[in-house]
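A.B. asks: Here the protein sequences come in this chain order: X and F. My numbering puts the first residue of the first sequence at 1457, with every later residue one more than the last. My numbering puts the first residue of the second sequence at 60, with every later residue one more than the last.
Hints were generated in silico from the structure; no laboratory data involved. Among the hints, a few may not be true.
PhoX-like mimics (lysine-lysine), calculated; alpha carbons at most 25 Å apart, straight line [unchecked claim]:
hint, chain 1, residue 1, chain 2, residue 2
1, X, Lys1735, X, Lys1522
2, X, Lys1594, X, Lys1609
3, X, Lys1598, X, Lys1687
4, X, Lys1522, X, Lys1803
5, X, Lys1806, F, Lys321
6, X, Lys1594, X, Lys1522
7, F, Lys285, F, Lys175
8, X, Lys1594, X, Lys1558
9, X, Lys1809, F, Lys325
10, X, Lys1477, X, Lys1522
11, F, Lys321, X, Lys1803
12, X, Lys1561, X, Lys1806
13, X, Lys1658, F, Lys285
14, F, Lys325, X, Lys1806
15, X, Lys1735, X, Lys1594
16, X, Lys1800, F, Lys285
17, X, Lys1597, X, Lys1609
18, X, Lys1522, X, Lys1597
19, X, Lys1800, F, Lys175
20, X, Lys1739, X, Lys1597
21, X, Lys1609, X, Lys1687
22, X, Lys1735, X, Lys1558
23, X, Lys1609, X, Lys1598
24, X, Lys1809, F, Lys285
25, F, Lys325, X, Lys1803
Given next are the chains, with one letter for each unit.
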Amino acid sequence: MGKTKNKSGPLARRPDNSAFKQQRLPAWSPMLTANTVLPFFYLLAVICMLLGVWLLLLVQSTQEIKLDYTDLGNCNECFDLRRNVSNAAQTCSCRVEFSIDKSLKGDVFFYYGLKNFHQNLRRYMDSRDDGQTLGRIKNLKKNPSSYCAPFDKDNDGVPIAPCGAIANSMFNDSFTLNYHLSSSRSVPVPLLRTGLTWYTDKNVKFRNPRADNLTLAEVFEGTRPPLYWQKPVYSLDPHDPNNNGFINEDLIVWMREAAFPNFKKLYGILNRADPIFEKGLPKGNYTIDISYNFPVQHFQGRKGVVLTTLTWFGGQNHFLPIAYLVTSSLILLAAVVLTVAWWKFGKDGKNMKE
Amino acid sequence: MQAVLSSDFSFAQFRYLQRLLLVHGRWSYIRMCKFLQYFFYKNFSYTLVHFWYGFFCGFSAQTVYDDWFITMYNMVYTATSVLALGLFDQDVNDRWSFRYPQLYSPGQLNTFFSKKTFVRCVMVSTYTSLVLFFIPWAAMQDSVRGDGKDVADYQSFALSTQTSLMIVVSAQMFLDTFYWTAINQFFLWGSIAAYLAITFTFFSNGLFFVFTSSFPFIGTARNSLKQPNVWLTMFLTCLLCVLPTVAFRFLHMQLRPTITDKVRYKAREEGQPAPAPYRPPPRRVSTRRSSYAFSHSQGYGDLVTSRKFLRLKRRPSLFGRNQSPLVENQPQHYRTITEEAEESQT
């Protein structure tokens, strides 16, 4: 494999006799043979079957209660009220009843769900200012990003905090869940309203502007809340002072845009400190008092709440276990067909004769 | 000389044509066809997902993937491995190519890339894009993490779809490459490693603080790639995309093996082809003299009659017996006139 010795003269341009240049590099030439493909298919069929069965058992062990309250019971009146935009300042509350037949054991998660609300529209998703929600003073007080237009400044030119269409359309219904111990006594179910967001969202992506010695309200001076909001961003949570400003968990949960038009977002987690709810939600009658603010008629949407228990795999979504079982049977069918084809036609290379 | 300058290939001796056609021409055709087919496949699968997403995002042209993935996909993540496929792939080595000239016929019959194969490639890509979109859609649209937090958000969906796409196109490359040199291995695994490295870098805190609006996906990789249901979704997606191709190719090989399959099978069984029988060079004992005659000038008479042309000389071969496959087929006794002139000068 030596190089030619002449560097000049008639043989100078001859390519090197090296493995690379003569295309003789050592290589692995795999081929689809029966004793790799067939066991592989059978093994995969078995794996998918086991996964499917396991996941199905997991999903069956979760419990889920869904309630669409858009126009349910006396929420119908609020539904009609919200049809008219000029009534936006009026509050409206309604009550929804339901019962649980089998107690929900373990941690219970309370979600609000929306149907037909496209948080994945391109212009909607662009309409935010990550620098502002990171706490940059320049984006807060001087110039929110132009992507937020027309929700970046109000008519007087005062910057809006937080700017953009996503923040502006924040879901503002609030819920109080009550458990009826008996027909006359009811206790409110305590829900934890923090711990709803990803760690990186709460601690890295969203930060309040630096306060130094100022209160949060003073930091946000010179800005206005978004047009559709009733409360300014620094007083979103009256109970927990650490849950105000841009790091308010409801805001963060809403700002994490959903991928599809039908989605649910976490509202609260059952607080199991109370002895009644230590093991979860006991069976019985419940009511939810709803402060109905979010209008859904204009986009033919629906609103609902979801109560669910979870496993490490997630909630009650049957698709993946059933898909694995179906895939496993398809793979098994394919493996059988391939085995028959190989046995009849290709065994010992009888189809490979010239 | 003009012919040489205006031609694609030029060579000095007719017997070079054999190697040019049967080995290099054939490899070039196969490489080009595989490259094109794979390129169309990976780009159609990548792009058609947006078409399906349009039905769910109000046709607002929202991209399914992270913007940086869209930039990097064709330039970094899939560029090098497809280049290696187009440069180094061989279906059988050069000795087998000589042994079975019938391997040249697919090129003449235009079997590896035609309108029919293009349509087939588009259909396979459409199926792949359907699986790539709808399996994550169905699995994640109504699900949450084990601790109740979000996993059905746009950024997690984008990340899981783009990771599934990378795994599927890498698996397809794995099936398409017949000749795995170290360079192919390096580029393929390197592309996947580059994808993971770049993704984690672009989704990290540091870049977010410096270029906030350009890197909004902060935290997504760390949060969603830790979720087992995301990985299980990706595993299912990859199985459904790759296994039909494997099954179909295997079935085709059993029922209707092509000449390539047969020769590859033989090469696998036998290693290298049996060498052609060695034909000793015809010994020419000749007293033939040149019959040139130049009457109008001094001419080359002295050179010719010195019998230097027709003398049989033992020369060292240009390539040793072990070095070139040409050795097995032809004896190595050839020399050039210019070499002679050089020798006479030194």
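A.B. asks: Hint check: Lys1658/X vs Lys285/F, CA-CA at most 25 Å. Holds or violated?
C.D. replies: holds, 18 Å
A.B. asks: Tell me if the straight-line CA distance from Lys1522/X to Lys1803/X falls inside 25 Å.
C.D. replies: violated, 56 Å
A.B. asks: Hinted pair, alpha-carbon criterion (25 Å max): Lys1809/X, Lys325/F. Please report holds or violated.
C.D. replies: Cα-Cα ~9 Å, so holds.
A.B. asks: Taken at face value, is the distance from the CA of Lys1522/X to the CA of Lys1477/X at most 25 Å?
C.D. replies: violated, 67 Å
A.B. asks: Can the restraint linking Lys1735/X and Lys1558/X be considered satisfied, given a maximum Cα separation of 25 Å?
C.D. replies: Between Lys1735/X and Lys1558/X the Cα gap is close to 13 Å, so the pair holds against 25 Å.
A.B. asks: For the pair supplied as a hint, Lys1594/X and Lys1609/X, confirm whether the alpha-carbon distance does not exceed 25 Å.
C.D. replies: holds, 14 Å
A.B. asks: Given the hint that Lys1594/X pairs with Lys1558/X, test it: the Cα-Cα distance must not exceed 25 Å.
C.D. replies: Given that 25 Å is the threshold and the Cα spacing comes to 54 Å, the pair is violated.
A.B. asks: Is the hinted pair Lys1806/X and Lys321/F satisfied, with a Cα-Cα distance of at most 25 Å?
C.D. replies: Cα-Cα ~10 Å, so holds.
A.B. asks: Holds or violated: are the alpha carbons of Lys1739/X and Lys1597/X at most 25 Å from each other?
C.D. replies: violated, 51 Å
A.B. asks: Checking one constraint from the list: CA of Lys1735/X to CA of Lys1522/X, max 25 Å. Satisfied?
C.D. replies: holds, 21 Å
A.B. asks: Within 25 Å, alpha carbon to alpha carbon, are Lys1800/X and Lys285/F?
C.D. replies: violated, 46 Å
A.B. asks: Take a quick look at whether Lys1609/X and Lys1598/X sit within 25 Å of each other, Cα to Cα.
C.D. replies: Holds, because 10 Å separates the two Cα atoms, which is no more than 25 Å.
In summary, the structure is inconsistent with hints 4, 6, 7, 8, 10, 12, 15, 16, 18, 19, 20 and 24 from the numbered list given earlier, while agreeing with the others.
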